[in-house]
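Colleague: As a plain string of letters, each chain reads:
There are 2 protein chains.
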Amino acid sequence: MSNFIQTLNDAWQRTNSLLCVGLDPEPSKFPGALAGRPEAIFDFCRTIVDATAPYASSFKPQIAYFAAHRAEDQLEQLIAHIHENHPGLPVILDAKRGDIGSTAEQYAREAFERYQADAVTVNPYMGFDSIEPYLEHEGKGVIVLCRTSNAGGSDLQFLETGGRPLYQVVAQLAAEKWNASGQLALVVGATFPKEIEVVRGIVGDMPLLIPGIGAQGGDVQATVNAGRTANGTGMLINSSRAIIYAGKDDDFAEAAAKVAMETRDRINAFR
Amino acid sequence: MSNFIQTLNDAWQRTNSLLCVGLDPEPSKFPGALAGRPEAIFDFCRTIVDATAPYASSFKPQIAYFAAHRAEDQLEQLIAHIHENHPGLPVILDAKRGDIGSTAEQYAREAFERYQADAVTVNPYMGFDSIEPYLEHEGKGVIVLCRTSNAGGSDLQFLETGGRPLYQVVAQLAAEKWNASGQLALVVGATFPKEIEVVRGIVGDMPLLIPGIGAQGGDVQATVNAGRTANGTGMLINSSRAIIYAGKDDDFAEAAAKVAMETRDRINAFR
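Protein sequence lines, in the order shown, are assigned to chains X and C. Per the numbering used here, numbering through the first sequence is continuous, rising by one, with the last residue being 287. Per the numbering used here, numbering through the second sequence is continuous, rising by one, with the last residue being 287.
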């Protein structure tokens, strides 16, 4: 039985990288050479994965981009490709699911049995019993939204409750009540480094998935200073569009690899 | 361009029913006659839909049950079947999506273009900019989680903020800030009739999707008293398992129709 948290820690050490490459495939942005291919989404993502794997410690396909194009089968293929060709690099299915227990069981089967993901992102709005069914899949990771990188994230997450903003309550629930099995991690956006620091203070060494550098403009130095653990890891720093669309032509794989390497190195410069 | 809110109001009047039949297909619960059929999920759901349509004003397929079984194509077929054979009964895709704007655009395409749903359920934790992309699909309905029917719903939704529990803040944001286009509705669980009453007081005539009667045990009389609008409508009262698994054998369609009729009538007795 693979264990997400352990695999992640091993990957951080072995690869010397905290970079998580996000896979958000939009066919309208693909280079011309892929146009019209029946499995263009898989071909594009596989090429990006193989080119960036030397610089990454994890991959995060975003399921909406596959579902909008009826490409679930290509997502299955892609995750199988990563496991086969890049063993030891965990795959996070970014799905942000959230539903009552009986439905969450189905989503957990979707993420872990159908897609063979190592971890899945989930939404905490419906509470712990909407998260528990994922934890029953032993060793799998469950990454709970805490402080998201979008501007609207403040609408609810910044509301004060008991003298603290809601996202801090979520961090505390995750760290102190919901993580008996040790499978949890949290999403905290890089667009708010001070909030990463607060969350790190609440959750100890719990891994943080940090989107928002790259296209969303988060500051790498501030992010790393705020989020690293004592051994200089603890973060899955995600970049999607800035890497996968770095090149627009037939050189897109090389362009993605170059930006992935640079991003890894920028992160490592501040660890 | 169909308009969800208008279609729903018309359906309530024309059918004299507030019942929303939830479609949560689990092959392990299907009657033996369907076992082994390649499209058992579609066959089961279509049979339930045709049997219960005389007593319902809407249908709500839950996407997790299709996704866990690689049955997205059967979900497409099912929604097309409802539109073709039961025109005027809106279809709500229960997906509870929630993500940043660029990803929400993809989920909106999935719900409205791929599946041709009339409305979709969404999660408010990431704020208004995670909801806006759905509203750009003119006339489509967007049903925001407010107070969910599960026990764990209280973990966050009951936290006090500004002197009120969080779910009331969500209701107020939805009613006063987020609904300029008139496309919104809210999810409020039947397991909490007092909270339905509070939400109704905040949101005026906004439609409420109310899960939790039937298998989840919510009280029909208390629910209807709390949630009805001045003209005795305003609610999509959902029952899933209590209807679709009412019969276990070849009589499952008749059994579902009977429970659907009884449920409609129990609701109408208190309108």
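Incorrect hints may appear among the rest.
No distinction is drawn between identical chains; accordingly, a pair holds when it is met within one copy or between any pair of copies.
What the hints assert, rightly or not - Listed next, the in silico SDA-like pairs over lysine to any residue satisfying Cα-Cα at most 25 Å (straight line):
#1 LYS193 / ARG86
#2 LYS274 / HIS153
#3 LYS45 / ARG86
#4 LYS210 / GLY117
#5 LYS193 / ALA69
#6 LYS45 / HIS153
#7 LYS193 / LYS274
Read the hints as simulated data drawn from the structure, not as lab findings.
Colleague: Within a copy, between copies, both or neither: which one fits LYS274 and HIS153 at a CA-CA cutoff of 25 Å?
Modeller: neither (36 Å within a copy, 38 Å between copies)
Colleague: Given identical chains, is LYS45 near ARG86, meaning Cα to Cα at most 25 Å, within a copy, between copies, both, or neither?
Modeller: within (17 Å within a copy, 27 Å between copies)
Colleague: Is the C-alpha distance from LYS193 to ARG86 at most 25 Å within one copy, between copies, in both cases, or in neither?
Modeller: Answer is neither: 38 Å inside a copy and 34 Å across each miss the 25 Å cutoff.
Colleague: As a check of your reading, is LYS193 near ALA69 (CA-CA no more than 25 Å) within one copy, between copies, both or neither?
Modeller: neither (35 Å within a copy, 44 Å between copies)
Colleague: For the identical chains here, do LYS210 and GLY117 meet the 25 Å Cα criterion within one copy, between copies, both, or neither?
Modeller: Only across copies: LYS210 and GLY117 sit 23 Å apart there, 34 Å inside one copy, limit 25 Å.
Colleague: When Cα atoms must be at most 25 Å apart, do LYS193 and LYS274 count as within-copy, between-copy, both, or neither?
Modeller: Answer is neither: 42 Å inside a copy and 44 Å across each miss the 25 Å cutoff.
Colleague: Treating 25 Å as the Cα threshold, decide for LYS45 and HIS153: within, between, both or neither.
Modeller: between (36 Å within a copy, 22 Å between copies)
When held up to the earlier numbered hints, the structure conflicts with 1, 2, 5 and 7 and fits the remainder.
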